[in-house]
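So the sequences go chain by chain: A and B.
Numbering of the first sequence is given in this note's numbering, commencing with residue 33 and proceeding in unit increments.
Numbering of the second sequence is given in this note's numbering, commencing with residue 269 and proceeding in unit increments.
Since the hints were derived computationally from the structure, they do not count as laboratory data.
There could be a bad hint or two in this list.
Result set (DSSO-like, lysine-lysine): computed pairs, CA atoms no more than 27 Å apart in a straight line [said to hold, decoys possible]: (1) A:K122 to B:K510; (2) A:K107 to B:K506; (3) A:K85 to B:K379; (4) A:K300 to A:K280.
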Amino acid sequence: MSIEIRNVTKQFGDTLALDHVSLTLEENKIYGLLGNNGAGKSTLLSIITDRQKATEGCVLVDGENVSGNDAALGKLFLVGEQNLFPDDMKVKRAFDTAQMFYPNFDRAYAEATAEKFGLNLKKKITALSTGYASIFRLILGLSVNTPYLFFDEPVLGLDAQHRDLFYRLLVEKYAENPCTIVISTHLIAEVANLIEHTIIIRTGRILKNLPTEELMADAFTVSGPAATVDAFTSGRHILTSSTLGGLKTACVQGVPEGELPVGLELSKINLQDYFISMMEEEDQK
Amino acid sequence: MKMNLKPVFRYEMRDYLMGSWPFFAVIVAIVIASFAGAFLFNGGEVSFMGYGMAACICLFVFGVVEPRPALRLCAQMGVSRRTAFVGNLISAVADCAILALAGEILFTIAKVFAGSRMAFSDIYQLFYQNEHLMEQLSIGGHVLSILLNTACMLAAYCLGMFFTFLFWRLSKVWCVVAAVAIPLTLNIVPAAVYRCVPLARAARAFIDLLASSAWNLMGFLVIVAAVFAVISYLLVRKANIKAPTSK
């Protein structure tokens, strides 16, 4: 049970959105798909769910090619940024429709969750505010009970309270009914504790594809007097560094070795800092 | 690969029927108004000949407005373009048949009540029973009328669908080119055919062939529908499915 992305390339005119991307999404794991704007995250998710066709390569869901395959597509649900529902459709009717298409759609759960978020079922989807439009799509995603669930910028326009509620519901849902979840987001700090496996994508290429713990264990932050930091990090792979007055902070790739000089402070790097450091390093290339 | 047609058909059929009943209600209202004109106000003979054509226009509009949202919804609901397209087309065929049947029943009943004071005729009577417009059709005549109306509506639907997908896939520049080229072609081609004697003869022979039997016209309309349906599918089979709005 897995999704295999084999050598997928997507070209839009002169722009190469995805460049020979190969990945495997294993069952019952939460993945974080991270990348800057225009990195190719949404394009990749659209190709996985067959909303866009790859220029080259293919996507296999449990061994079956997803292209034009209802059995494979029925196992996937993408909570995207866009509304693909008809203009005149109301939330309630969208739930009816989801129930028609997805046999495991949990109607009672959807309605209960809508109540928790304060979503009016009688409203037209296009009349919802940006935040509530996101909430509507999140509720659908949480209720369809497909083996593979994709969230593309899921908390777009949501306030802090609703974001927190969504993350809690997602964890609850995952605990009750494990499935493969892929979250593509710019709010890395908020999902850092959720994601088990991190995929970092940049200009259509996969930069990192590792379990989050392994990724975090492979970098650290050291801070202290600039001269001491420079001496300690000499010969090491520095991802980024910043200096403020006489104090310097450096993000270093690798595992800290040897004795830590007096005056230096060592800390574990968090996912967001690691991501920023990596992007800055890439910018300098 | 097995197609998940059932939910698509159920969803689409509901949508088409929701769109068709107001049209049919308006037709019923026109028939009632015709009765009122003929009987209550002693207005003499009244004729109503537009049901088939009106239904064709209605189906053309359905063809323009329905397939794109259906394709988007199916993409959201884990259904392929092919299944969405086929499901949509099957629903449209069913809707055409239902409208043709409902129209035939309505006007048969209306004829019985109206007697000789009102004339109700449709595409079949106008083309193939022109000298017997006031007469009741035989069972075979009713069946032919239903089939002919269904074929007309289906051709109109597929034409509408072709236009909506064509303008969806074309870039802005090509949209303008197509918008200018289509009416120009529709004007120039018949005029050119009329002026070119061999072509005019061939066209005349073809029209005579269609006029000789309702089956010929039906066959031609089904071929037109099939051609536009195939082109429409080729237009969408690799289309990027995107939302029309940002929300």
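Structure-based check of each hint:
1. Under the criterion of a C-alpha separation no larger than 27 Å, the hint pairing K122 of chain A with K510 of chain B is consistent with the structure, at around 20 Å.
2. About 21 Å separates the Cα atoms of K107 of chain A and K506 of chain B, which keeps this hinted pair within 27 Å; it holds.
3. Proximity of K85 of chain A to K379 of chain B is assessed by CA-CA distance (about 55 Å); at most 27 Å being required, the pair is judged violated.
4. Our distance criterion of 27 Å between C-alpha atoms is met by K300 of chain A and K280 of chain A, whose separation comes to about 16 Å.
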